[in-house]
Amino acid sequence: MLKLSFRQDNGWLRASVQGELDVASAPVFRARIQEALDEHQVRRLVLDLRDLTFIDSSGVGAILGRYRQLAALRGEMRVVGVSARIRPVLELSGLGRIVPLERAQGR
Amino acid sequence: MLKLSFRQDNGWLRASVQGELDVASAPVFRARIQEALDEHQVRRLVLDLRDLTFIDSSGVGAILGRYRQLAALRGEMRVVGVSARIRPVLELSGLGRIVPLERAQGR
Amino acid sequence: MNAADYMILELPSREDNVALARVVVGAFAARLDFTLAEIEEIKVAVSEAVTNAVVHGYRESPGVVRIQAHVDDGRLVVSVSDRGVGIEDIAQAREPAFSTVPERMGMGFAFMESFSDELSVESMPGQGTTVRMTKRPQHRTVG
Amino acid sequence: MNAADYMILELPSREDNVALARVVVGAFAARLDFTLAEIEEIKVAVSEAVTNAVVHGYRESPGVVRIQAHVDDGRLVVSVSDRGVGIEDIAQAREPAFSTVPERMGMGFAFMESFSDELSVESMPGQGTTVRMTKRPQHRTVG
Ligand SMILES: Nc1ncnc2c1ncn2[C@@H]1O[C@H](COP(=O)(O)OP(=O)(O)O)[C@@H](O)[C@H]1O
Ligand SMILES: Nc1ncnc2c1ncn2[C@@H]1O[C@H](COP(=O)(O)OP(=O)(O)O)[C@@H](O)[C@H]1O
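Protein chains in written order, with my numbering: chain A, 1 to 107; chain B, 1 to 107; chain C, 1 to 143; chain D, 1 to 143.
I should point out that these hints are in silico values taken from the structure, not numbers from a laboratory. Predicted model, so just to flag it, every value in this text is computed and none were measured. Quick reminder that beta carbons are idealized off the backbone N, C-alpha and C, glycines included.
Which residues of chain B face chain D? A few of them, derived with a C-beta cut under 7 Å, are: (1) D22; (2) V23; (3) A24; (4) D56; (5) S57; (6) S58; (7) G61; (8) V89; (9) L92; (10) S93.
Now the stretches of chain A that chain C is said to cover, found in silico as 3 or more residues with beta-carbon under 8 Å: (11) 15-25; (12) 59-67; (13) 85-95.
Based on the provided sequences and hints, a complete structural model is requested.
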């Protein structure tokens, strides 16, 4: 359902999120990102949502949770690769007022 | 569910079949092919199944029906573009003993 | 022979059934003239309703989630029911950002409302909850 | 909270519901460790069973097709039931190439048998038919 892959890039951890982010996959999302932040010893996270095919309010909640956690540690978070498919949900959720949402090219 | 497109090629009518061929789409398959054979005034049919994503016994029955009809008119039928996805069903049905099944390249 | 167009799906209250429920209703909805974007909206709305049944309705003990869909005069009608704990104050529950679970966003009902034409919520504490949503394909003329 | 893993789908006997039924069972089956080729086989088997309920079971009057699936000891168990006309001679019906409808291939049961590990057919004339199929992911060790 959900696949995550990570790479470090100039002090930022880049997490590519593939699949569906909902109540069932949110705990996996949370745990895998925590692990990767610890392992790479960074507090800056880029979420690349290019290959995210579904998200609902449980999924947005999981993203917001990562934001809050990093903010508490004076870290930073960016969201990139927002496709037309998931944009309505992210916009409606108000996430865009907290974290800038950068679009996917040509989507 | 089912899309058909036709082109004439050296005395043969080539029908590209896209989507799913089952009990619901078989009548459409039958009617559209009949129309096209009449319109192009040919009795030689190539079925290109490259983009057929599903077939069951009702679908195989519809293909066999076209074969029988053409055979009765001393026409010919070929089946090409058989992908790994649908090959098990076509082989199990015995269609291959009646009409040669030509594979899709690299599938 | 053909009969009227509906579907009933019953699933146990498991989080991994939420995806199954939205896929099924999405596939059912595809027989109406919805755009892909509208089908996505339907999937999100169903996902919210089924998540609520699993997470809230059956927070105390597991049970069955019942998803019904039918076509009525060119509109899709979907209802999601549980026989779980029910909702004390429905008006409060429907307010955006209200949630009885701290880690949750409280946006479920707001999403259901935005992504459907009409939303109704029936609930009785101790009896369960039924959420009913309707949606009409937008580029279609009414009739 | 999590409960046992099953699904129940009820659909009216319409030919366009056959696709919906196989998609749903295919999505349910995906939680077991099946290969894509095995999922395709499951979809074909379900398609055959549901087609038979619609075409044969309810040839006289429409009715409800009930599709149940659950996981039992690592195997998928699917049953498809109708309350239609029933089958007089089950052994004969199961023979490859036997059909009571001239235009049909009579290969439905043969496909269900080939694409599942076990197939059982229960039927009573005037009462209806239930077909039950089981399938275990093949690259998995038993246990
Ligand atoms: N099916 C249900 N059974 C019991 N309570 C529910 C149900 N659906 C919603 N609620 C209540 O309504 C509140 C708001 O729901 P919602 O807007 O979906 O937000 P969230 O799920 O994020 O809490 C929930 O926190 C819960 O208290
Ligand atoms: N659900 C059913 N209800 C009544 N009769 C059935 C049912 N399923 C199968 N049959 C009978 O069994 C025969 C063989 O079925 P099958 O092997 O699927 O081939 P086909 O569907 O092509 O006829 C059918 O022709 C029909 O007479």
